[in-house]
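> When you get a sec, could you build the whole thing from the sequences and use the hints?
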Amino acid sequence: MGEAELAQRALWIRADIIDMLVSAGSGHAAGALGLADIFAVLYGKILNFQKEQPDWDGRDRLVLSPGHTCPVLYAAMAEAGFMPRRELLSLRKLGSRLQGHPHNLSLSGVETSSGSLGQGLSQAIGMAIAANSSAKPWHTYCILSDGEHQEGQIWEAILYAGARIKSGLTVIVDRNEIQISGKTEEVLPLESLAQKYLAFGWHVVEIDGHNFAQIEESLRWAKAQQHPVAVIAHTIPGKGVSFMENDYLWHGKSPSEAEAEQALADLFVNYR
Amino acid sequence: MEYLLEKAARERALKGSVREAIAAELSLAAKDDPRIMLLTADLTDSLKLSDFAKEHPGQFLQIGVSEQNMIGIAAGLALSGKIPFTASYAAFSPGRTWDQLRVSVSYSQAPVVILGSHTGLNVGPDGATHQCLEDIAIMRTLPNMRVLLPADGNEARQMVRAILRDPAPTYIRYGRENVQALTKPDQPFQFGEPRLIQKGDKVTVVATGSLLQSGIELAQSEEGVELFALPSLKPLKHEALLKSVKKTGALLVIEEGQQSGGVFSLLAELMVLEHPVPMESVSMKDSFGQSGSARELAATYQLDLPAMKTALHRLLKRK
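Chains as they are written, first to last, in this note's numbering: chain A, 1 to 272; chain B, 273 to 591.
Since the hints were made in silico from the structure, they are not lab data.
It cannot be assumed that every hint is accurate.
[Said to hold, decoys possible] Partial list, derived from the structure: chain B residues whose beta carbon lies under 8 Å from chain A:
(1) L351
(2) S352
(3) K354
(4) S380
Cβ coordinates follow ideal geometry from the N, Cα and C atoms, glycine included.
Following this line, the structure appears as structure tokens:
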């Protein structure tokens, strides 16, 4: 799968995110849009899975710790054939498999329930440990938001993994530099995030989170290491929609009908 | 479950702590069951886990003083086919792990077993921070979470076996003290079943966990006491208790925890809905404990046999 096809996938993921959010009337736009390129690569080229059997034992695990960004997960799963794309419009509605924050029991292929920040990495560690006792060990990828590094449990997990985990675990940090209340560096500064991971015994790679080649290369390299690796992906929140980019106010907002129309125009005109 | 009602029989039976029995049972079971994992947050020796760690190093995880991470790792293991037992003091887990238990365990239905040791005042000199009294309340309110109160090592071992046959999120809480065996060994534990220990027609008494022994002494020294143990707090089948209360017309609940939210509250909810009767509670009355010997503390906070008798007589007057 070449870059053109990845770009196509990412475009559809972004368009679906806009459609889902306007249909739901609520939800989190910025983080989801920022992660679309990473998810295009994950589901297009990296993850080992069987779409007809989402709970296949040998599948790679993808833990989405910042559960509020779930529209990107659902859209990527639909794009990869886990469910019909029409189902995406059921986001956040009563009885939907697509809960407002992911629920492992509601949708097969969703590994963990998340929404309360800071819990995903611990679970990913547990999965990586279990993989070691499996005849066909899978790889565990864990997405973390930068803001959720303000939760203490994250550092417990980073400390433990740095000391005890060798292979099987890759973290992708969505470093979009925003959180609910504003810029992360103004609310509660996180830099240097890379130095912190290094101090805890991890390997670190910093990439442009919108460069397909860098995303793929860094994940393949990370998987081969005998060390836990944090891929710090610098992303633009709201990427692809001109009036959303780099605006922290879009963290927890969904677009109106008019805004969605403008957003789709942005996506399809500007992103080919 | 058959109980050893004869005092002499109890004195002859093995004394031991629940935590020792659980560790021994897990050591035994882990040999042929690779699903079992045992995690602790730096309490290996205190919780008697050293033998397990030595015998099954691939199934033991020392997490360090990171209880929230411990629960998360357990959830990840459970979602990957393991049955993890997490061991700490109840004051620390579920004390500081409630959100993790809510989201990663209960809501996700990850079959994690939470072992909460050192409950109640028997912790003694360590004092209030270590004497967990609020855990029953915060755990029984979580959907999908079973809550078990073993009275002795035998019962605890049977609980472990039952969980391994039917894995699901489960909380087991118990004190640190050595207890006389109150139950006969090798009797299967069944979720949901209250245990009738002694028949009577004047008053129903429910006694749990560490205080069951005093409950038995109470029942044997007072007239007309129908005594139940409640090893399974959640799930709980109501029929036997309702039948008893319809007969006796009064209910005394004995537990080593805060009055608010625990066993008394659960049974009060049931009775108010089904069959209101006068009730009394032997429990902590909205207070923390303090340093002291176990015996002194039981007397100070009115959780000892004399306090139980007082509560019983007060209840009988209200009938």
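> What are the numbers of the hints that this structure violates, sorted from low to high?
When the structure is compared with the hints, none of them turns out to be violated.
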